[in-house]
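Chemist: In order, the protein sequence lines correspond to chains A and B. To convert, note that position 118 of the first sequence is 120 in this note's numbering; the numbers rise steadily by one, no gaps. To convert, note that position 187 of the second sequence is 189 in this note's numbering; the numbers rise steadily by one, no gaps.
There's no promise every hint is true.
[To be verified] Derived EDC-like pairs: lysine to aspartate or glutamate, alpha-carbon spacing no greater than 20 angstroms straight-line: (1) B:K231 x A:E334; (2) B:K217 x B:E254; (3) B:K217 x A:E254; (4) A:K231 x B:E128; (5) A:K217 x B:E128; (6) B:K338 x A:E128; (7) B:K231 x B:D213; (8) B:K244 x A:E128; (9) A:K217 x B:E254; (10) A:K204 x A:E266; (11) A:K338 x B:E254.
Hints in this document: simulated from the structure, not taken from any laboratory.
Number of protein chains: 2
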Amino acid sequence: MLMPTNKKNEKYTPPFGQMETFLPFWYKIVPLVIYFIEFMSLLVVGSIAYDTIETPTARRENVLGGSAPFFAYAAGFFCPVQVVGVVGADWLPEYTEMFRKQGVDTTGIEIVPDGKTFRWSGKYHENMNDRDTLETQLNVLGTFKPKLPENYRRSQFVFLGNDAPATGLAVLDQLQGADLVVADTMNLWINTTRADLDALLKRIDGLVINDSEAKMLTSESNVVTAARKVLTMGPKFVIVKKGEHGAMFVSEYETYVVPAYPMENVVDPTGAGDSFAGGLMGYIASQRGNLDGETIKNALVYGTIAASFGIEGFSFDRYKEISRTDIDTRREAFRKMTSF
Amino acid sequence: MLMPTNKKNEKYTPPFGQMETFLPFWYKIVPLVIYFIEFMSLLVVGSIAYDTIETPTARRENVLGGSAPFFAYAAGFFCPVQVVGVVGADWLPEYTEMFRKQGVDTTGIEIVPDGKTFRWSGKYHENMNDRDTLETQLNVLGTFKPKLPENYRRSQFVFLGNDAPATGLAVLDQLQGADLVVADTMNLWINTTRADLDALLKRIDGLVINDSEAKMLTSESNVVTAARKVLTMGPKFVIVKKGEHGAMFVSEYETYVVPAYPMENVVDPTGAGDSFAGGLMGYIASQRGNLDGETIKNALVYGTIAASFGIEGFSFDRYKEISRTDIDTRREAFRKMTSF
C-alpha cells in the first residue's frame with residue numbers, strides 16, 4: 003500500500019484539509035480494527051496431538067491432530083481464531099504457518115522446550131465409525147495449566163475442547179466475561195471428574211456432546227430426553243453429535259436436527275467432532291453470536307460441511323486443499339438434498 | 003342425495019335441455035370416478051399379523067400388526083389404498099371397519115376359514131431400537147399365494163411388503179403394467195432366497211431397505227456405497243431406512259437425506275418402517291407418481307412424519323386419534339427444525 007506523506011509528494015493535498023502534522027488517514031482505524039478482530043475472535047482451548055492412525059486401508063504416523071487444531075482450522079473458514087494449548091519441543095513451525103494462513107492466531111500455544119507433544123494412536127474398524135484407542139501418551143498435556151495471553155481475555159466467543167473440566171474452569175476464570183461459552187466433554191470426565199464437570203456445566207452456555215456420552219451423562223436411553231436433562235444441569239443449549247447420523251440442537255423451546263452429509267469417501271474420521279464444533283462456532287461468531295433459529299440451523303450445517311471435508315483426508319490434508327467457496331458450494335448441494 | 007327424476011318432480015328441467023329418457027346427470031361421472039380411484043390407487047401386498055409386544059414399560063397381546071396394515075393405514079392419509087394379504091378365521095370385523103374409514107379397500111384380504119392369522123412376538127430393549135423376536139407362527143401366511151381381485155390389477159402404484167420374493171414375483175405377474183413398483187426386503191430373504199430376490203430386484207423400480215440389510219445385501223460397510231451398489235442390481239432408486247437416524251434416497255444422479263423426527267415418547271416402534279414406506283408411497287401416489295426432487299423429499303418427510311405418529315402408541319392406537327391435518331402440522335414443525 004502506498005503511503006501518502008508530505009515527504010514523498012510535496013503537492014499532495016490531504017483529504018480532510020491541510021494539517022500541521024499530517025498523519026496517515028487510517029491512524030484511527032487500525033486500533034479499531036485490532037479491537038474488533040479481538041472482540042469478534044473465537045477462542046479455543048484444547049488438546050494438540052500427534053496422532054498415529056490406522057484405517058482398514060492405510061496408516062499415518064505422528065500427524066497433527068487434537069481438538070484445538072481441528073476446531074481452529076474449521077472455524078478459521080468463518081472468523082479469526084485464537085488457540086490456547088500446549089506442545090513440546092517437537093512442534094513443527096510448518097503447523098504455525100499453516101494456521102497463520104488460515105487466520106488462526108497461535109501465540110497462545112505454549113511450547114514446552116524440554117517436553118514432548120501429546121500423542122494418541124488409534125485403529126478404525128471396517129465401518130470407519132468405531133475405533134480402538136491403541137495408545138495415549140499425555141506428555142506435556144499432563145501438566146497443562148492454560149494461561150491466556152492478555153489480548154485473548156476479551157474474546158466474546160469461547161470453545162473449551164474436551165480437556166479436563168478443571169482446565170475449562172481455569173480458562174473461564176481468566177476471561178473478561180465472554181458472550182458465549184460452549185464446551186465439549188467426553189466419557190473420561192463423566193466417569194472420573196464428575197464434580198468438576200458439574201461445576202463447569204453451571205458456567206457454560208452450551209454443551210457439545212456425543213449421543214452416547216449424553217446418554218451416559220444423564221443415565222437416559224433416549225437421546226432427546228438425555229439432551230433435555232442436560233439443560234437442567236446448567237447449559238442453555240445442547241448440541242448432540244451423532245457422527246454419521248448428523249447432529250441435533252436442543253434448548254428449552256427449540257429443537258433443530260441436521261443429517262450428516264452423505265459420504266462414501268471417508269479416509270480418516272479423526273477430529274470430525276472437533277471440526278464440526280469449529281464450523282458451528284465459527285459461523286455463530288461470524289454472525290456476532292446471533293442465536294436465532296436460522297443462524298443455529300446454518301451453524302449446524304456449516305459444522306457438518308466442515309467436518310465432511312476434514313474426514314476426506316488424513317489429518318489436515320484435505321483441509322489444506324479447500325477454501326470457503328468449496329464449503330459454500332457443498333452447503334448448497336446439501337441444502338438441495340435436505341431442505342423441503 | 004336427492005335424485006332429480008321426472009317422476010318425482012314434473013316441473014323439473016334437466017340442465018342440458020329436454021331429453022326423452024332423462025338419466026341422472028352424473029351417469030357418465032360415476033364410472034370415470036371409479037376408474038380414477040382404481041387408477042390412482044396404491045396397492046400393497048404384505049403380511050398381516052397379530053403381534054405380542056413387550057417394551058420396558060408395557061406389554062400388549064395379539065394386537066394388529068404386519069407390513070400391509072401399517073403401510074396401508076399410513077398411505078391412507080394420502081390416497082386410496084388396496085390391500086392384498088391373508089388372515090385366518092380370527093380376523094376381526096372391527097379391523098375391516100377401521101380400514102374402511104381410512105379409505106383402505108380390504109376386499110383383497112383373503113380370509114382362510116379354518117386358519118389362524120400369522121403371529122409375531124417380540125421384546126424391545128431399553129433403548130427402544132433393538133429388539134429380540136421371541137416367537138413367530140407363520141400359520142396362514144406359510145401357504146399364502148396372492149390372488150389380486152380384477153379391479154386391483156390396474157393399480158399404477160404398487161408396494162410389495164417384505165414377504166418372500168416369490169410372493170412379490172407372483173403379484174407382478176398379475177399386474178397390467180404398473181407405473182411404479184417399490185419393494186421392501188429383509189435379512190431372511192437375503193440369506194435364504196437370494197435367487198428369487200435377485201429376480202425380483204430386476205423387476206422393481208425402487209427398493210426400500212434397512213441400512214444394515216443394505217450393507218448385508220451388497221457386502222459393503224458404507225451405507226451410501228451400499229445404496230449405489232443396489233442400483234446395479236436392478237432398482238432405479240433405493241430408499242435406505244435408518245430408524246431413529248432418518249432415511250436416505252439414492253438414485254443414479256440424486257441423493258436426498260432426511261433425519262428422523264426427534265421423539266421422546268416412543269411407545270412401540272413396531273411397524274415404523276412400514277408406516278414410513280406407506281406415508282412415502284401414499285404421498286407419491288397422491289402426486290400421480292411424479293418423482294421430481296421436491297416430491298421425493300416431501301415423500302421422505304411424509305413417511306417420517308407418518309411413522310413418528312405410529313410409534314407413539316401400540317398397534318394402531320395413536321393412528322386412530324389423528325388426521326391428515328395433524329400430519330401436516332407436524333410436517334411444518336419438522337420443516338422449521340430442519341430446512342435451512
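Chemist: May I ask which of the numbered hints given earlier this structure violates, with the numbers listed in increasing order?
Modeler: Numbers 1, 3, 6, 9 and 10 - these are the hints that the structure violates, sorted from lowest upward.
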